[in-house]
Amino acid sequence: MRGRLETFLTLAVLGLFALFIAWAEGNLNPYYQRILNTAFVYVVAAVGYNLVNGIAGQFSLGPNAFMALGGYTAALLMLPLTQKQMVWFLQPLVWPFNAFSLPGHLFIVALLAAGLVAALGGLLVGYPSLRLRGDYLAIATFGFGEIIFVLANNLIPLTNGSLGIKAIPEYTNLWWSGGAAVATLLLVRNLASSSFGRAMRAIREDEVAAEAMGINIFRTKLLAFILSAFLGGIAGALLATLITTISPTLFTFTMTFNLLIIIVLGGLGSVTGSAVTALIFAFLQEGLRFLEAPTRIGPWLVPGIPGMRMVVFSLLLVFLMIFYRRGLFGRSELSWDLLLRRLPGRRQSRAPHL
Amino acid sequence: MHLTSKPRHSSEPAVPVAASTDPWPGPLQASAEAPAQPLLKLEGVSMTFGGLRAVNDVSLSLRQGELVGLIGPNGAGKTTVFNMITGHYKPTRGRIWFAGQEITGLAPNRITALGIARTFQNIRLFKGMTVLENVLVAHHVRLQASLWSALFRLPAYTREEEAMRQQAMELLREVGLEGFADAEASSLPYGLQRRLEIARALATRPRLLLLDEPAAGMNPEETRDLTAFIGRIRERFGLTILLIEHDMKLVMGICERIHVLDHGVTIAEGSPEAIRTHPRVIEAYLGEDEEA
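Line order of the protein sequences matches chains A and B. With this note's numbering, letter number 123 in the first sequence gets 117, and the count goes up by one each step, no holes. Each number in this note's numbering corresponds to the 1-based position in the second sequence with 66 added.
Please note: incorrect hints may appear among the correct ones.
To be verified - If you only want the chain B side, here are some residues facing chain A, beta carbon under 7 Å, derived:
#1 N175
#2 A179
#3 A204
Since the hints were derived computationally from the structure, they do not count as laboratory data. We put the CB at the ideal spot given by N, CA and C, even for glycine.
Whenever a hint applies, use it, and build me the whole structure from the sequences.
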């Protein structure tokens, strides 16, 4: 009964969401569409990142690397052949990418391929570093990010180096980005509330005890890490086909830092928290642009300082860590159960949620 | 409590979780081997950390259904012995057998899957998770449904999750924690946290349970409750138990046999009466002013 009500509410919200996208895709002004698209891409990346850092409790610094892998994969697959010849004018593009290009209706293939390539990268970094306890993962993933950056700059026949890849067709629209965000949210929520998710949280809480309860620590961590890399790859692919130009500087550590702010603000371990703060973050990033423009305060003209927005985010993070350490949502999830319980006149239900 | 008391479910075959109708199907493997063969056997086991020999040539064996105490002064190597049995340490020398199979150096999770569960000297609950979730984690090892069915919440998964929850609730009822199912584990009072840790270990369906100082930090009343509790679960779940404890009343009260370590070496082994009067034990462990 309650389960059915929750399913109904979820479907109703999804329906409304689809209606909104259908409306926004045609009518919303392009500036807001762009912000919304970016916001949804952040949701995919942040929720995936939170799977490793928040739920499994393993400190990874690698999402920028996985997004880069995904972005370049999608660009190489989707860029039209004529455009490929124009972009790689210094050195020719390597086979097989110089011989084919996926048509628009196979965009989904490019997205999945981007996810798989990133997942493979995840396996490559995760396999050696997740066997060790402690902060090795942070160091290894950080190093991996730098390696990817150097490779992207120097593997010119594959990446066109620091010039980047231009005029990628803009396939990402609100249907794709919104759809990916919803799918990510549902899948990660399902995973987190399942026995696999419990195993991951048990590892976060106490690795020794989790092992003594029969959990294969290495396999469980690797699972979280690879799934997270997969989602990072998808986010990178969506981003590449949204802003249509990618270069190594798009996927520097700043990207990871942004995502880290999002998941910490949202509450490490809260899937819905990451999603909500990802949306807020994308809008704040635009909304705070005035900070970097010249302003007149009374008689003084203050010149714009580039990077002020980052200062605000960092300060926000510092304050949150001091006064509200667990983030916006802590480890709890926004769920129907929670909302229904808050409604006046309803008796608190004791049924296990999810 | 008799040595010969038969575990209630020992004759049942191992049943897959989802198909089972009995909320508590009992230990995973039925005890097929003859009772004469020890369930757990340590053969000349040693453990060296750098230059320190923590455990030196210890041999120990437990028969099915026994309750054995492992005692000794602080630093005698008792917990190290536990860590070697459960695979957290790989012994420098010697071999360990469980139910006729060598388990020396296996990973802890594999040893747990074979039927050995433990508690820790300092309680190691999954603090941020609920009481029910703590017990559910121990069910993960027997999950049959695939990752995909969990990701997409297919019926194959939801059915198994439902069965797991019922079994976990059943277990919580058995140990008297059902009222706390949705409470965060760290919010329980100390004595109940100890009890939850034992319940969590039971949920892995062990044949052998290792308890590391279960009464540490408990007042006499809590210790009395715990003693009764250990006796109850032993009978209910057909357990063999190895117990580290400093509380002599508890040890002498429930252990059928006692193994004494000092500086990593076995100094005595025998019935509680024999140990109580053993001169080397009195010298090493109980001191000159032995309590009555």
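Broken hints, numbered, in rising order?
none
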